[in-house]
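Undergrad: Protein sequence lines, in the order shown, are assigned to chains F and V. Under our numbering, think of the first position of the first sequence as 1, with each following residue one higher. Under our numbering, think of the first position of the second sequence as 1, with each following residue one higher.
One thing to keep in mind: the hints can contain errors.
As a list, the in silico BS3-like pairs of lysine-lysine whose alpha-carbon atoms are at most 27 Å apart [as the list claims (entries may be wrong)]: (1) V:Lys11 - V:Lys57; (2) F:Lys104 - F:Lys59; (3) V:Lys11 - F:Lys104; (4) F:Lys59 - F:Lys70; (5) V:Lys57 - V:Lys71; (6) F:Lys104 - V:Lys71; (7) F:Lys57 - F:Lys104; (8) F:Lys56 - F:Lys70; (9) F:Lys70 - V:Lys57.
Far from chain V, some chain F residues (derived; all Cβ distances over 10 Å) [what the hints assert, rightly or not]: (10) Tyr22; (11) Ser31; (12) Arg60; (13) Thr77.
Because the hints were derived from the structure by calculation, they are not lab data. Glycine included, each C-beta is placed from N, C-alpha and C at the ideal position.
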Amino acid sequence: TQLLEQSPQFLSIQEGENLTVYCNSSSVFSSLQWYRQEPGEGPVLLVTVVTGGEVKKLKRLTFQFGDARKDSSLHITAAQTGDTGLYLCAGVGLSGNTPLVFGKGTRLSVIA
Amino acid sequence: DTGVSQNPRHKITKRGQNVTFRCDPISEHNRLYWYRQTLGQGPEFLTYFQNEAQLEKSRLLSDRFSAERPKGSFSTLEIQRTEQGDSAMYLCASSVFGSNYGYTFGSGTRLTVV
Numbered sequence: 001t002q003l004l005e006q007s008p009q010f011l012s013i014q015e016g017e018n019l020t021v022y023c024n025s026s027s028v029f030s031s032l033q034w035y036r037q038e039p040g041e042g043p044v045l046l047v048t049v050v051t052g053g054e055v056k057k058l059k060r061l062t063f064q065f066g067d068a069r070k071d072s073s074l075h076i077t078a079a080q081t082g083d084t085g086l087y088l089c090a091g092v093g094l095s096g097n098t099p100l101v102f103g104k105g106t107r108l109s110v111i112a
Numbered sequence: 001d002t003g004v005s006q007n008p009r010h011k012i013t014k015r016g017q018n019v020t021f022r023c024d025p026i027s028e029h030n031r032l033y034w035y036r037q038t039l040g041q042g043p044e045f046l047t048y049f050q051n052e053a054q055l056e057k058s059r060l061l062s063d064r065f066s067a068e069r070p071k072g073s074f075s076t077l078e079i080q081r082t083e084q085g086d087s088a089m090y091l092c093a094s095s096v097f098g099s100n101y102g103y104t105f106g107s108g109t110r111l112t113v114v
C-alpha cells in the first residue's frame, strides 16, 4: 500500500508570511497532484507534477517534485486569507493506471 | 458542462436504512471514482469505473456497499443497512484515462447515520 505523509497537519499563520508544506512517501510515484479543499466542498486540482526535480509555479504557489519522485513540497509566498483551506497531495502509482492515493492533508489557516 | 454533480448534498438516515447517492460526471470523462472522507482525513478510495466496467474495489468497501455505472454515464453508490460508522462525506470524481489533468470532484454527499 502506498502511503503519503503530509506535514504539518495544521498550520496557522499571519497574512503576509511564507510557508512550506510537505508530502513524503517511501514509494515512487509516476506523478503527484496537489488539491485544495474548502469546507463542505470537493477538492480542486491545483497542479500536477510529473518529472523528478520539476518545479511549477502558480502565482504565489510553488510546487516541487523530489528528484526520486517520492516527495513533494508546496511553498506559498505572502499568504493571504483566501489561501485558507485543506491542502491535499495525491499520488499516481508507477503503472500510471491506479486511482489516486491521498495524504491526510495540511489544514492551513491564514489570519488577517 | 457544469462539472461533476452529486445528489443529494446531505442525507440523514436512521441506522439500518438503505441509502443511494447519485453522481453525474463530466460527459467527456470515461473514468469515474468514488471516495469517502471523514473529518481530519484525506479522501479514501472506494471504487472506480472505466466506462461501465467496475475495475477496482477497495477492501474498505464492505458487502453492504454497491456501485453501478449503467451505460457508462451517471453512477450510483448504494449503502445497505447503514451503520453509524458509515457517516462521512462521499465524494465522486471523474477524469480522462491517461491524462495528467487530474480529477474533477463533485461537492460530495454528506451522510449522517443516526
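Undergrad: Each hint should be assessed against the structure and marked as holding or not.
TA: Now for the hints, and whether the structure bears them out:
1. Between V:Lys11 and V:Lys57, the direct Cα distance comes to roughly 23 Å. Compliance with the 27 Å bound is thereby established for this hinted pair.
2. Annotation: proposed proximity of F:Lys104 to F:Lys59 holds, straight-line Cα distance about 25 Å (limit 27 Å).
3. For the suggested pair V:Lys11 and F:Lys104, the alpha carbons sit about 24 Å apart, so the restraint of at most 27 Å is met.
4. Taking the CA atoms of F:Lys59 and F:Lys70, the gap is near 25 Å; set against the 27 Å cutoff, the hint holds.
5. Proximity of V:Lys57 to V:Lys71 is assessed by CA-CA distance (about 19 Å); at most 27 Å being required, the pair is judged to hold.
6. Taken as a hint, the F:Lys104 and V:Lys71 pair is broken in the structure, with Cα atoms around 34 Å apart against an allowance of 27 Å.
7. Taken as a hint, the F:Lys57 and F:Lys104 pair is honoured in the structure, with Cα atoms around 23 Å apart against an allowance of 27 Å.
8. At roughly 17 Å between alpha-carbon atoms, F:Lys56 and F:Lys70 fall within 27 Å of each other, so this suggested pair holds.
9. For the given pair, F:Lys70 sits about 25 Å from V:Lys57 by alpha-carbon distance, which is consistent with the 27 Å threshold.
10. Even its closest Cβ contact with chain V, about 14 Å, leaves F:Tyr22 beyond 10 Å, as expected for a residue assigned away from the interface.
11. With a cut of 10 Å on Cβ distances, F:Ser31 falls inside the contact zone with chain V, its closest approach being about 6 Å.
12. With a cut of 10 Å on Cβ distances, F:Arg60 stays outside the contact zone with chain V, its closest approach being about 20 Å.
13. The claim that F:Thr77 lies off the interface holds: its Cβ sits roughly 23 Å from the closest Cβ of chain V, which is beyond the 10 Å cut-off.
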